[in-house]
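2 protein chains.
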Amino acid sequence: MFDHLSGATRLFPIIGDPIKYVESPMRLTRTFGERGFNGICVPMQVPAGDLDAVMAGLTAARNVDGILVTMPHKFAAFAHCAASSERARMLGVVSVVRRNPDGTWHGDMLDGLAFVKAQKDHGAQPQGARVLLLGAGGAGSAIAIAMLEAGARELIVHDADAARVSTLRDLLKDLGQGRVNVGPPDPTGCDLVCNATPLGMEDGDPLPVDPALLTSSMFVGDVIAGHGVTPFLAAAEAAGCRTANGGHMVEAAQDVMADFMLQKADASKD
Amino acid sequence: MFDHLSGATRLFPIIGDPIKYVESPMRLTRTFGERGFNGICVPMQVPAGDLDAVMAGLTAARNVDGILVTMPHKFAAFAHCAASSERARMLGVVSVVRRNPDGTWHGDMLDGLAFVKAQKDHGAQPQGARVLLLGAGGAGSAIAIAMLEAGARELIVHDADAARVSTLRDLLKDLGQGRVNVGPPDPTGCDLVCNATPLGMEDGDPLPVDPALLTSSMFVGDVIAGHGVTPFLAAAEAAGCRTANGGHMVEAAQDVMADFMLQKADASKD
Numbered sequence: 001m002f003d004h005l006s007g008a009t010r011l012f013p014i015i016g017d018p019i020k021y022v023e024s025p026m027r028l029t030r031t032f033g034e035r036g037f038n039g040i041c042v043p044m045q046v047p048a049g050d051l052d053a054v055m056a057g058l059t060a061a062r063n064v065d066g067i068l069v070t071m072p073h074k075f076a077a078f079a080h081c082a083a084s085s086e087r088a089r090m091l092g093v094v095s096v097v098r099r100n101p102d103g104t105w106h107g108d109m110l111d112g113l114a115f116v117k118a119q120k121d122h123g124a125q126p127q128g129a130r131v132l133l134l135g136a137g138g139a140g141s142a143i144a145i146a147m148l149e150a151g152a153r154e155l156i157v158h159d160a161d162a163a164r165v166s167t168l169r170d171l172l173k174d175l176g177q178g179r180v181n182v183g184p185p186d187p188t189g190c191d192l193v194c195n196a197t198p199l200g201m202e203d204g205d206p207l208p209v210d211p212a213l214l215t216s217s218m219f220v221g222d223v224i225a226g227h228g229v230t231p232f233l234a235a236a237e238a239a240g241c242r243t244a245n246g247g248h249m250v251e252a253a254q255d256v257m258a259d260f261m262l263q264k265a266d267a268s269k270d
Numbered sequence: 001m002f003d004h005l006s007g008a009t010r011l012f013p014i015i016g017d018p019i020k021y022v023e024s025p026m027r028l029t030r031t032f033g034e035r036g037f038n039g040i041c042v043p044m045q046v047p048a049g050d051l052d053a054v055m056a057g058l059t060a061a062r063n064v065d066g067i068l069v070t071m072p073h074k075f076a077a078f079a080h081c082a083a084s085s086e087r088a089r090m091l092g093v094v095s096v097v098r099r100n101p102d103g104t105w106h107g108d109m110l111d112g113l114a115f116v117k118a119q120k121d122h123g124a125q126p127q128g129a130r131v132l133l134l135g136a137g138g139a140g141s142a143i144a145i146a147m148l149e150a151g152a153r154e155l156i157v158h159d160a161d162a163a164r165v166s167t168l169r170d171l172l173k174d175l176g177q178g179r180v181n182v183g184p185p186d187p188t189g190c191d192l193v194c195n196a197t198p199l200g201m202e203d204g205d206p207l208p209v210d211p212a213l214l215t216s217s218m219f220v221g222d223v224i225a226g227h228g229v230t231p232f233l234a235a236a237e238a239a240g241c242r243t244a245n246g247g248h249m250v251e252a253a254q255d256v257m258a259d260f261m262l263q264k265a266d267a268s269k270d
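Those sequence lines, one after another, are chains A and B.
Just so we're aligned: 90 in our numbering is position 90 of the first sequence, and the numbers increase by one with no gaps anywhere.
Just so we're aligned: 9 in our numbering is position 9 of the second sequence, and the numbers increase by one with no gaps anywhere.
Simulated from the structure, these hints should not be mistaken for laboratory data.
There's no promise every hint is true.
Claimed, not checked - If you anchor each label on the Cβ, the simulated ranges turn out as follows: (1) A/D52 <-> B/Q125: 51 to 57 Å; (2) B/D102 <-> A/A48: 19 to 25 Å; (3) B/A79 <-> A/A160: 54 to 60 Å; (4) A/P198 <-> B/R35: 36 to 42 Å; (5) B/R35 <-> A/S6: 19 to 25 Å; (6) A/N38 <-> B/P101: 34 to 40 Å; (7) B/G36 <-> A/P184: 23 to 29 Å; (8) A/N38 <-> B/D161: 38 to 44 Å; (9) B/A8 <-> A/A79: 51 to 57 Å; (10) A/P47 <-> B/A76: 24 to 30 Å; (11) A/G49 <-> B/D52: 52 to 58 Å; (12) B/A79 <-> A/H227: 16 to 22 Å; (13) A/N181 <-> B/D102: 40 to 46 Å.
Note that beta-carbon positions come from the ideal geometry of N, C-alpha and C, so glycine has one too.
Chain A with its partners taken away, still in its complex shape (with noise of 0.2 Å):
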């Protein structure tokens, strides 16, 4: 998959703790292949106390053209950034960063937009659709940006925790515009339905949605990856519903990565 490794080789280390389940080595390194440009993505194992150091020596190595950022750091990766998007600046973490062209580094935070793209790519439309999300933490963030950035006309978000619900209501104020609600897991009306709760990752966690309101008409997604399709794409899937699952949003994630790290507009649009 990958033959053209030589001392011309730009590097895209992706930095976390643990790190050895990550797929993006061997999946960003051959879209970047696909693409014609000679750039690897290596796993670094970086624990948390370790982060500047890392990004100090990263930082100095000149062909190093950018860093993928997993757990435990898109909190601290951010401080190391000289530039960032706007969302990313509105949830404090990154993702990725890029080289900007005095070296220091531009982050943004691709999660939210890689769903979106999984969506899209297996028939959803975003654009003025009407949205319940599951999920108000970290991956339900991220989402609900990309989802209003995509031009979703209602986001309508839930989460059992009433304080993180209100966190990101307060978060999505401007970006909203009127937009964003906030109300039970009832997908009655809605275009699309969003799972960004970790219930799948365990057998015998409690659906997020009553399945019997499920309709066809309605495009269901989910963030759980490395667990096939969950009890709740499944029951989606019987209920007529188009799917999209977490492996399709780590698969999209990779056009978009290599999109911000090739600086193509779509994805870095900041």
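Got chain A; can you put chain B on it based on the hints?
Chain B alone, transformed into the frame defined by chain A:
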């Protein structure tokens, strides 16, 4: 050539500046693969003034198991090693470092070993040999040590710079035990003739040895890489000598480095 890149891949950066012409990313990575080891050598362009920052970052990254060191860092990187081989200490340089169990670095200088391995791979017998070494600089010094370690009976050193010869002779006093002599560039009576001068890098360079003095019983080696068969080696072949060129040394270096990185006994005795 490399189809098992994943989050579990172990990293072996090669640091230097310039870096784009190094061959180890492709070659050492392939050698790791042939040994069934999931490791990758990636280039890192590190200017001289940035070594400390990059070493600190690489030290903090837990899946960096070793570092290849090339110009301009071979001297400075020695100071980053908590332990090193005797030959690295003699020269005050390292070409490779690997992790000690406590996370610090163990350094070694493998260039001479790689040269000797290339000679042996192509039929030379350093053990008990009378060796003429042309050039007492960095490469020559490393080869001198490796030839003595490999059991050469006599090592005759020639360099146009008398001070360099004298420095090398002092350096080799303990290891040489009377086996080291200084002499003219005359291979008469020698089994091995080693060019460690830069002669052969430029068109029109004089030959390091009068080719009329070469006989078919001699084995002739050259450190010059990337220039194909040098005029010196062409003359040696015309005289019926067996030869090994700088490309063979680069090839042999991958096995020697893989042995060292994977902590096999032969390459790391110290």
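Now for the hints, and whether the structure bears them out:
Between A/D52 and B/Q125 the C-beta distance comes to about 53 Å, which sits within the given range of 51 to 57 Å. A beta carbon spacing of about 20 Å between B/D102 and A/A48 agrees with the range 19 to 25 Å that was offered as a hint. About 56 Å separates the C-beta atoms of B/A79 and A/A160, a value consistent with the hinted range of 54 to 60 Å. One distance hint, 36 to 42 Å for the beta-carbon pair A/P198 and B/R35, holds here, with the actual separation near 40 Å.
A hinted range of 19 to 25 Å for the beta carbons of B/R35 and A/S6 is consistent with their spacing of about 21 Å. A hinted range of 34 to 40 Å for the beta carbons of A/N38 and B/P101 is consistent with their spacing of about 36 Å. Between B/G36 and A/P184, the C-beta spacing of about 55 Å breaks the proposed range 23 to 29 Å. In this structure, A/N38 and B/D161 meet the distance hint of 38 to 44 Å, their C-beta atoms being roughly 41 Å apart.
Checking the proposed 51 to 57 Å range against B/A8 and A/A79 shows it is violated: the Cβ atoms sit about 29 Å from each other. Evaluation of the 24 to 30 Å hint for A/P47 and B/A76 yields a pass: the beta carbon distance comes to about 26 Å. In this structure, A/G49 and B/D52 break the distance hint of 52 to 58 Å, their C-beta atoms being roughly 19 Å apart. A hinted range of 16 to 22 Å for the beta carbons of B/A79 and A/H227 is inconsistent with their spacing of about 49 Å.
Distance hint for A/N181 and B/D102: a CB-CB separation of about 56 Å, inconsistent with the stated range 40 to 46 Å.
Violated hints, in rising order: 7, 9, 11, 12, 13; the structure is consistent with all others.
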